[in-house]
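Q: The primary structure of each chain is shown beneath.
Protein chains: 2
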Amino acid sequence: MTNFQNKKCRIAVDAMGGDFAPANNVVGAIDASAADSNIQLLLVGDKNKIKKVIAEKNLQFPEEQIIHADEVIEMSDSPTAALKTKPNSSIVVGAKLVKDGKADGFISAGNTGAMMAASTILIGRLKGVSRPTIGSSFPTQNGDYCSVYDVGASVDSKPSHLFEYALLGSIYAREMHNIPKPTIGIMSVGEEKSKGNELTFATHELLSNSELNYVGNVEGRDVLKGTVNIIVCDGFVGNIILKLAESTIGLLKSRIKKYAEQGLINKLKALVVKGVFKEALSDMDYQSYGGVPLLGVNGISIIGHGSSSELAIKNMVLKAKEMFDKQLLQKFEEALKDYAKSK
Amino acid sequence: MTNFQNKKCRIAVDAMGGDFAPANNVVGAIDASAADSNIQLLLVGDKNKIKKVIAEKNLQFPEEQIIHADEVIEMSDSPTAALKTKPNSSIVVGAKLVKDGKADGFISAGNTGAMMAASTILIGRLKGVSRPTIGSSFPTQNGDYCSVYDVGASVDSKPSHLFEYALLGSIYAREMHNIPKPTIGIMSVGEEKSKGNELTFATHELLSNSELNYVGNVEGRDVLKGTVNIIVCDGFVGNIILKLAESTIGLLKSRIKKYAEQGLINKLKALVVKGVFKEALSDMDYQSYGGVPLLGVNGISIIGHGSSSELAIKNMVLKAKEMFDKQLLQKFEEALKDYAKSK
Chain C
1 MTNFQNKKCR IAVDAMGGDF APANNVVGAI DASAADSNIQ LLLVGDKNKI KKVIAEKNLQ
61 FPEEQIIHAD EVIEMSDSPT AALKTKPNSS IVVGAKLVKD GKADGFISAG NTGAMMAAST
121 ILIGRLKGVS RPTIGSSFPT QNGDYCSVYD VGASVDSKPS HLFEYALLGS IYAREMHNIP
181 KPTIGIMSVG EEKSKGNELT FATHELLSNS ELNYVGNVEG RDVLKGTVNI IVCDGFVGNI
241 ILKLAESTIG LLKSRIKKYA EQGLINKLKA LVVKGVFKEA LSDMDYQSYG GVPLLGVNGI
301 SIIGHGSSSE LAIKNMVLKA KEMFDKQLLQ KFEEALKDYA KSK
Chain A
1 MTNFQNKKCR IAVDAMGGDF APANNVVGAI DASAADSNIQ LLLVGDKNKI KKVIAEKNLQ
61 FPEEQIIHAD EVIEMSDSPT AALKTKPNSS IVVGAKLVKD GKADGFISAG NTGAMMAAST
121 ILIGRLKGVS RPTIGSSFPT QNGDYCSVYD VGASVDSKPS HLFEYALLGS IYAREMHNIP
181 KPTIGIMSVG EEKSKGNELT FATHELLSNS ELNYVGNVEG RDVLKGTVNI IVCDGFVGNI
241 ILKLAESTIG LLKSRIKKYA EQGLINKLKA LVVKGVFKEA LSDMDYQSYG GVPLLGVNGI
301 SIIGHGSSSE LAIKNMVLKA KEMFDKQLLQ KFEEALKDYA KSK
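Each protein sequence line maps, in turn, to chains C and A.
Per this note's numbering, the very first residue in the first sequence carries number 1; after that it's consecutive.
Per this note's numbering, the very first residue in the second sequence carries number 1; after that it's consecutive.
Derived from the structure by calculation, the hints contain no laboratory data.
Please note that a few of the clues may not be correct.
Using 25 Å as the maximum straight-line C-alpha spacing, the simulated PhoX-like pairs for lysine-lysine come out as follows [as the list claims (entries may be wrong)]:
1. 57/A / 257/C
2. 278/C / 84/A
3. 193/A / 267/C
4. 341/C / 181/C
5. 269/C / 267/A
6. 257/C / 7/A
7. 274/C / 7/A
8. 225/C / 181/A
9. 225/C / 8/A
10. 343/A / 267/C
Chain A residues, not near chain C, derived (Cβ > 10 Å throughout) [what the hints assert, rightly or not]:
11. 197
12. 244
13. 325
To give an idea of the interface, some chain A residues facing chain C are shown, with a C-beta separation under 10 Å as derived from the structure [what the hints assert, rightly or not]:
14. 8
15. 233
16. 258
17. 298
Just so it is clear, the structure is predicted and the values come from calculations on it, not from any experiment.
Even for Gly, the Cβ is constructed at its ideal location relative to N, Cα and C.
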């Protein structure tokens, strides 16, 4: 077996996508490449703007690793239309680097829909995958993570899609989270087999008859309880779960802030609360996670929050490197081939 | 206009439903009737067991207001089957009291599905309602509430159902939460009109062409942000939202507990956190809400958590009384009639 960990991994980073681009993107990406000498970074975007950030921050970066792209797909652009109307955008140029074998992975904190479309259409799907999926890992009561697929707003998912999410998600959890046989649940409205809708019933049949470690239906509360390692659901449902869970910390912060405004003693108590939160709830700060991979495409593709911090960008690059080292794509391909044979 | 607030309201309470029945149910219900002399309480269930609680707790309650029912629908019973196999159950007997005009409202912390089925089938639907709905009110960042309909696991909701949820929910919010023109959003995966699925697109058409204060799509994060007063969605989605949101406080508590176990200073800090939580997050303790009304049935029907506390039961009875005082049913009927005419 090749020692991939000592192999150079070429990671392209969209320098223009996100609310704090290009500054956060350039600094975070260079930080990551400084942390791992086997990362060969490619910065994709407006060359002058990227060089300006590098100069301002007193960073070192070889000019030949800046890949010029003079258009930007804005957050408000229609994803699929933008792929055609903005062929020189950083997202299209970056995805093409992977397609053409010039990069092993691509990362963007830009327009999520455009990134999904560019990855799916330009990089292409793995054989046996009908719909690539974005998962999100939620911190659980027991200190583990529960990954929900799909959260990418890929609506009207079919049972076969949910099955693919379970298959890809299992391998991802095994390799990236070191869980030998990840448990899988179907998101529903009750634990009993009889509870659910047409999608959950049909998915139950597919998963029951597979080799995956499927345990049955789970409910909304099971995400944070961590009842299972992986939950599959329609992208419509998963996207709502993700955004609701992310907003919890905002509710807490606003309440503590209001509390602190009611006198000096409250202010002091609120300071203690903030300190405890920082230690005890750090994993609820979805910022630091640094993006989620789009699984099922024929290359490493990681999509970040529009508001990605430098740390988030850095973590996205390091995650791409880890996926590369652990040969995720090859393992996906093998599992999909085995499943196709078993049918 | 009749002064309903001075009119006796007959409220039947299922003494047998819930994890802490009959004790919590009997004590909570009698507490409520002691707080409002216009409540005429009927306790439905095993007469001997109810009398035993009354004696043990040194309470006063007229025996003729205990309505004997010698069967109990268990949490594990199949809801619709149980209505037939257990005709003498407290839920069936209680719902029949409303049907027969012997009670104005019925409350249960028992089997939710059975309570929904008994209310819908025995008490019956209001004219113009095709599917009764359970809403849940979530505390928001701005200190208000956002009500989500349906959370009752009434899966595969149709656009017309979501429209009815919006209509009934608007009147409920206007009357019970004093919001003159409640804003309404459709739960989706993006704010843009183009984001969503078939259900959201068709519901958008219905709500756009109505007199309701519809503002457009909302996302998962808008529940706790409080972007709108009312959110409508499929019961499958709403039920997942409810259970996920309810589980947040459990995640917080478990994290603070673990933190407290790491030495004396942590323990002291955790005590401060608990105190602040109690003051600043009290409305996130869904326990105290005391159940949710089933809207659209031809009587007051309130469904509580299986783990309802005495306070929760008390609050459920008081909520039923408030719905009675504010003539919710009559107002629902008028609005449904007006809508039918406008079509």
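Q: Mind checking the CB of residue 258/A against every CB in chain C and telling me if the closest is under 10 Å?
A: Hint holds; residue 258/A Cβ to chain C Cβ min 7 Å, cut 10 Å.
Q: Under 10 Å is the threshold here; is the Cβ of residue 298/A close enough to any Cβ of chain C for the hint to stand?
A: This interface hint is violated because 26 Å lies over the 10 Å limit.
Q: Given a cut of 10 Å on the nearest C-beta pair, is the interface hint for residue 8/A held or broken against chain C?
A: 38 Å, violated
Q: What's the verdict on residue 341/C and residue 181/C, does the C-alpha distance respect the 25 Å limit or exceed it?
A: Roughly 21 Å separates the two Cα atoms, so the pair holds.
Q: Test the statement that residue 197/A is away from the interface with chain C: the closest C-beta pair must be farther apart than 10 Å.
A: Violated: least Cβ distance 4 Å, not greater than 10 Å.
Q: For the pair supplied as a hint, residue 274/C and residue 7/A, is the alpha-carbon distance within the 25 Å limit?
A: 50 Å, violated
Q: Given the hinted pair residue 193/A and residue 267/C, is their Cα-Cα distance within 25 Å?
A: Between residue 193/A and residue 267/C the Cα gap is close to 42 Å, so the pair fails against 25 Å, i.e. violated.
Q: Between residue 57/A and residue 257/C, is the straight-line Cα distance small enough, at 25 Å or below?
A: Not satisfied, since the Cα-Cα distance of roughly 42 Å exceeds 25 Å.
Q: Is residue 269/C close enough to residue 267/A, meaning Cα to Cα at most 25 Å?
A: 14 Å, holds
Q: For residue 244/A, which was marked as not at the interface, is the minimum beta-carbon distance to chain C over 10 Å?
A: The claim is violated: residue 244/A sits with its nearest Cβ about 4 Å from chain C, within 10 Å.
Q: Taking 25 Å as the top limit, are the C-alpha atoms of residue 257/C and residue 7/A close enough?
A: 44 Å, violated
Q: Sort out whether residue 181/A lies within 25 Å of residue 225/C, counting only the CA atoms.
A: 38 Å, violated
Violated hints, in rising order: 1, 2, 3, 6, 7, 8, 9, 10, 11, 12, 14, 17; the structure is consistent with all others.
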